[in-house]
Amino acid sequence: MVQLLKSVVASGQLKPARQNVLVDIKGLGKDYGDATVLNDINLTVNTGEVIAVIGPSGSGKSTLLRCMNLLDPPTRGILRVGETTIDASQPTTSKQILDLRRPVGMVFQSFNLFPHLTVLRNVSIAQERVLKRNRQQADEISRQLLDRVGLLSKADQYPSRCSGGQQQRIAIARALALEPSLMLFDEPTSALDPELGLEVLGVMKELASQGMTMVVVTHEMHFAESVSDRVLIMADGRIIEGGKSSDVMRNPQSERAQRFLSAVMNR
Amino acid sequence: MNSQMLLTIVGGIQWTVILTLTSLAIGIVLGAGLCAMRTSGNKALDAIAACLILILRAVPPIIWLFLIFFGIGTGILEITPFQAAAVGLGLITAANMAEIIRGSLSAVHKGQWEAARALSMPAQYRMIDIIAPQLIRVSLPSVATYAIGLLKDTAIASTIGVPEIAFQATHVSQLTFRGLETFAVAGGLYIALSIPVAWASRWADKRMRLKVAR
Amino acid sequence: MNETIAFWEQILPQLLQGFSLSLQVTGVSLLFGIPLGLLLALGLRARNFLLKAPLLAVIEVGRGASVLVLLQFVYFGMPTAGLTFTSFVSVVIAFTWCTAAYTSEILRAGMEAVPQGQREAAQALRMTPMDTLCLIILPQGLPIAIPALLGFSILMLQASSLAFVVALPELMSKAQLIGSNTFQYVPIFTLVALLFAVICIPATIVVGHLERRLNRHI
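These protein sequence lines map, in sequence, to chains A, B and C.
Using my numbering, the first residue of the first sequence is number 1, and each one after it goes up by one.
Using my numbering, the first residue of the second sequence is number 1001, and each one after it goes up by one.
Using my numbering, the first residue of the third sequence is number 2001, and each one after it goes up by one.
Next comes chain A alone, as it looks inside the complex (with noise of 0.2 Å):
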């Protein structure tokens, strides 16, 4: 029976309470010389939520992303991933950042895939440098995960060779192939054709159905109202509005909000 309760709470089914908050930022900002971009974040990230942001360009939708991974360093406040917490205040170890990384996962506007490497070769890297694992091993789960994505069949080919809707599931691959149980997407379609971006949306749409915790910086207004649980709108560097989805979407509080809104929706 105790043998039986651990699977499955190792399993991610029953979650003991502390685990609920992925993410936790207080008072979050960041500065680039004496440009303020970043400022008085406060965000909690509940373990498998799906969280949009959007806002107009500038508003540091972006920066605050590259932050939760420590790709950006913040300059000010409390940020919490897992069960690693950097101050901002203090100066950061590699070890620090290591650990915050561990479980989280980044996909890229300019999906970053490496070119000289086959699409098998990008997605079983990491594995065996990061996670150890030997060749058969991380090439086994790559194909696993390319199948996943729909592109098993590229993957003896290079990344040149694919558009930019499979270049972009490649990459999502090669991040899920970490295990992280926190992704986070930085405007995943801005950079492909509308139809291409459809098929990246699809798997995003399927992650999050399967329990994935997301972040997901975007512009996909019909994403950011049917897949995700709650919608963050930012500008200025500040959020000014966040809560469930079809709320903040069709019933925005602010008035900068709604003047986003409408410009958006209603093109």
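Think of the hints as simulated: they come from the structure by calculation, not from any bench.
Please read these numbers as outputs of a predicted model, since none were measured by experiment.
Beta carbons are placed, not taken as given, at the ideal position from N, Cα and C, and that holds for glycine.
Warning: the hint list may mix true and false statements.
[As the list claims (entries may be wrong)] In silico lysine to any residue, SDA-like type, Cα no more than 20 Å apart, as pairs: (1) A:Lys132 <-> C:Thr2128; (2) A:Lys26 <-> C:Asp2131; (3) A:Lys132 <-> C:Ile2201; (4) A:Lys132 <-> A:Arg102; (5) A:Lys132 <-> C:Gln2123; (6) C:Lys2052 <-> C:Leu2039; (7) A:Lys132 <-> C:Leu2039; (8) A:Lys205 <-> A:Ser181; (9) A:Lys95 <-> A:Ala35; (10) A:Lys95 <-> C:Thr2128; (11) A:Lys95 <-> C:Pro2129; (12) A:Lys95 <-> C:Leu2133; (13) B:Lys1110 <-> B:Ile1136; (14) A:Lys95 <-> C:Thr2204; (15) A:Lys95 <-> C:Gln2123; (16) B:Lys1043 <-> C:Thr2132; (17) B:Lys1110 <-> B:Arg1126; (18) A:Lys95 <-> C:Leu2149; (19) A:Lys132 <-> C:Ile2205; (20) B:Lys1110 <-> B:Glu1078; (21) A:Lys244 <-> A:Arg102; (22) A:Lys95 <-> C:Leu2039; (23) A:Lys132 <-> C:Met2127; (24) A:Lys26 <-> A:Val37; (25) A:Lys26 <-> C:Leu2039; (26) A:Lys95 <-> C:Ile2205; (27) A:Lys132 <-> C:Thr2132; (28) A:Lys95 <-> C:Arg2119; (29) B:Lys1043 <-> B:Ala1025; (30) A:Lys132 <-> C:Pro2129; (31) A:Lys244 <-> A:Val227; (32) A:Lys95 <-> C:Asp2131.
[Unchecked claim] Simulated restraints on C-beta separations: (33) B:Leu1175 <-> C:Asn2181: 27 to 35 Å; (34) C:Thr2004 <-> B:Ile1128: 44 to 52 Å; (35) B:Ala1204 <-> A:Leu198: 47 to 55 Å; (36) B:Thr1145 <-> A:Leu198: 28 to 36 Å; (37) A:Ala263 <-> C:Pro2115: 28 to 36 Å; (38) B:Gly1041 <-> C:Gln2024: 43 to 51 Å; (39) A:Ala263 <-> B:Asp1205: 36 to 44 Å; (40) A:Gln258 <-> B:Ala1204: 49 to 57 Å.
Here the structure of chain A is known, so what remains is to put chains B and C in place on it, guided by the hints.
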């Protein structure tokens, strides 16, 4: 290193500088001509110029100097080492300048030509007022870099007797057998001479960069 | 004309002997110099200025001093400090120094040309800086640098013509020897020029093609 040794070596500086400037001047003028041949549209001129440039750059500079000094110098004309060096280095500079100017021409925004034509400017004013100023600004960094290289290459002229820095250093070293300090000073002089050129180039570049169309 | 060709046939074997030495000394210098250049380029990425300063000095001297002076410094100068080298070794030392200095800049530029997104992706995947460098940056940066490296190699071959001042019996040395015996300077140096041209002109054309092909992929 006593002061007399030092003075002798330093005495070579004027020759180094004058040789560099002379070769540069010859090179820019001839190089512009070669470039004009390459961009003239006339296939024959283009081919001749391209071949000349290729040959001038493929053969090591010292061989050109020897050919001019020992070849022409002892036979047809009487030329001094300086003249041979200036002509030799000038021709090589011309070949490189032709390529630099050609590259800069394509970097000047195409729209500038079209705007000038649309305004019905006669060809020579087009060149002088619109294109040439921008051409100079765009090519300045490459020309400065080349000039620094040319400054160091003038050391070759020491082998045919031009009394510049390297010549004096060799002379002093043979007299005193103190090669270490002698050549260290010579090397240091070349490095020191290139610094003001690099600075001047960066200063001029910053000032001019704002005035180039993007 | 026939006399000239007959003369050329006569002196060609000697000149080729010298040329082979020119090629050897250039090849060895490049073999040592380019990896050293890579080390210098990598070393310059250190944050610590105390570590960087000596590297910067090595590079500035290697690039700033004339090759001729560098040659003479090693061959004539080093004995004063107690180190005597043969002319071949002196040339290799001087040329390796020069090569490392110039190629460090070429390689640095090549690595910088790799898009920043590649580094970010590797960081997000938690790859170590060493792995990122060896598996992601260098495999992309080195091919970018190849045309410039080849162009530099051609220049180095041309520079070997200066090695006669330190008594290396390479091509120019042989040419001058023959010249001092026969006084037929123009035919001799014309043949020398042809020998260089035969190697350097095709090489330059090939590098040009490589550069164009590379730019097409970018």
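Mind listing which of the numbered hints don't hold for this structure, in increasing order? Hints 2, 3, 7, 9, 14, 16, 18, 19, 20, 21, 22, 25, 26, 29, 36 not satisfied by this model.
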